[in-house]
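Engineer: So the sequences go chain by chain: A and B.
Residues 1 to 140 in my numbering are what the first sequence spells out, letter by letter.
Residues 1 to 99 in my numbering are what the second sequence spells out, letter by letter.
Mixed in with the good hints there might be a few duds.
[Unchecked claim] For each label pair, taking beta carbons as the anchor points, the in silico distance ranges come out as:
id, chain 1, residue 1, chain 2, residue 2, range
1, A, Asn93, B, Asp87, 26 to 36 Å
2, A, Ser87, B, Asp87, 47 to 57 Å
3, B, Ala79, A, Asn93, 25 to 35 Å
4, B, Pro84, A, Arg26, 28 to 38 Å
5, A, Arg56, B, Gln81, 39 to 49 Å
6, B, Glu56, A, Arg75, 27 to 37 Å
7, A, Lys72, B, Asp87, 14 to 24 Å
[To be verified] Calculated Cβ distances over 12 Å to all of chain A for the following chain B residues:
id, residue
8, Val22
9, Asp54
10, Ala59
11, Arg66
12, Ala68
13, Gly69
14, Arg74
15, Ala88
16, Asp91
[Said to hold, decoys possible] Which stretches of chain B does chain A cover? Using the computed rule of at least three CB atoms under 8 Å from a CB of chain A, they are:
id, stretch
17, 40–48
18, 75–87
Derived by calculation from the structure, the hints in this document are not laboratory data.
Owing to the predicted nature of the structure, the values given are computational and were not obtained by experimental measurement.
Just so it is clear, CB atoms sit at the ideal spot from N, CA and C, and this is done for glycine as well.
This is what each chain is made of:
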Amino acid sequence: MVDALVEIHRVLAPGGTLVDARPDSRVPAYAERRRPRGFHRFGVVKTARLEVANDRASDRAIARAVREGFFKRRRRGHFWHLVPFSSLSELRNYLRDHQRFVHRAEWVVDAATRTRHSNDQFVIRRPVRYELLEALRRRK
Amino acid sequence: MSSALRPRPNDELGEWGGPPLVRGKRVLDLGCGDGRLALGVAPFATRVDGLDPDAEAIAEAKRNARKAGVRNVRFAAGAAQHLPYPDAAFDVVILSWTF
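Given the sequences, and given the hints that come with them, work out the whole structure.
Structural biologist: Structure representation (structure tokens):
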């Protein structure tokens, strides 16, 4: 990953911007039912352990590139992205096939509530983080 | 992951600072997949290059660019460790859901 960052630094003009945006595995995602106004939280969806490890490796690579003077951190932020589903079973199928998430949500509502609302519309509310870094001119 | 399940390009760009971030700039979308984001920033940028190791995704991105009639975007298959571009070729490099 550090190799890729060195290459990115090479092709960026000095003062250019690197945008690093990705799902935030440090914060859980949520399975929520759409209500006429707002959402009803049904469960917590954690990131798969391997993906958490990959994200940490990416963080370390960025930190190293900053430490070695390739980039300077300029700005970072966070937002929520809603992935829509037409039913609870569609959400479950998505989780089962998705590599990034663990394959089952940790439900915070009982089974009867899940059954009662199984044909409602759902979302996965997932956290996304981004950081803008400035390419620095390196001393030879 | 299907790019249809990711944030819309304009939403993502808006979070990062909006069109001024790429306006009049040379942009590289690294890990561009089917070109979703590259095509989304193309109306603001001078030129956009999209690179992805998946040749099938690049073929799809090229089809999407033709369909959208976008002319300032080029797509190529390749790896981030060996970028096929000269030094200082870009003003902005985007790693969106890639790294």
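Engineer: For Arg74 of chain B, is the shortest beta carbon distance to chain A beyond 12 Å?
Structural biologist: 14 Å, holds
Engineer: For Asp91 of chain B, is the shortest beta carbon distance to chain A beyond 12 Å?
Structural biologist: 5 Å, violated
Engineer: According to a criterion of three or more residues whose C-beta lies within less than 8 Å of a C-beta of chain A, is the stretch 75–87 of chain B covered?
Structural biologist: It holds: at least three residues are needed, and the stretch 75–87 of chain B offers 7 whose Cβ sits within less than 8 Å of chain A.
Engineer: According to the definition I'm using, a residue is off the interface if its beta carbon is farther than 12 Å from all beta carbons of the partner; does Arg66 of chain B meet that for chain A?
Structural biologist: Consistent with the label, Arg66 of chain B stays out of reach of chain A, its closest Cβ about 26 Å off (over 12 Å).
Engineer: Does the no-contact call for Asp54 of chain B survive, Cβ to all of chain A over 12 Å?
Structural biologist: Correct as stated: the minimum Cβ-Cβ distance to chain A is 15 Å, above 12 Å.
Engineer: Taking the Cβ atom of Asn93 of chain A and the Cβ atom of Asp87 of chain B, is their distance within the range 26 to 36 Å?
Structural biologist: 46 Å, violated
Engineer: Verify the CB-CB distance for Arg56 of chain A and Gln81 of chain B against the hinted window 39 to 49 Å.
Structural biologist: 20 Å Cβ-Cβ, so the 39 to 49 Å window is violated.
Engineer: Take a look at whether the Cβ-Cβ distance between Pro84 of chain B and Arg26 of chain A falls inside 28 to 38 Å.
Structural biologist: 34 Å, holds
Engineer: Between Glu56 of chain B and Arg75 of chain A, is the Cβ distance one that fits in 27 to 37 Å?
Structural biologist: With Cβ atoms ~35 Å apart, the hint holds.
Engineer: Between Ser87 of chain A and Asp87 of chain B, does the C-beta distance stay in 47 to 57 Å?
Structural biologist: 52 Å, holds
Engineer: For Gly69 of chain B, is the shortest beta carbon distance to chain A beyond 12 Å?
Structural biologist: The assertion about Gly69 of chain B holds, with a minimum of 26 Å to chain A.
Engineer: Ala68 of chain B: least C-beta distance to chain A exceeds 12 Å?
Structural biologist: 22 Å, holds
The structure is inconsistent with the numbered hints 1, 5, 8, 15, 16 and 17, although it conforms to all the rest.
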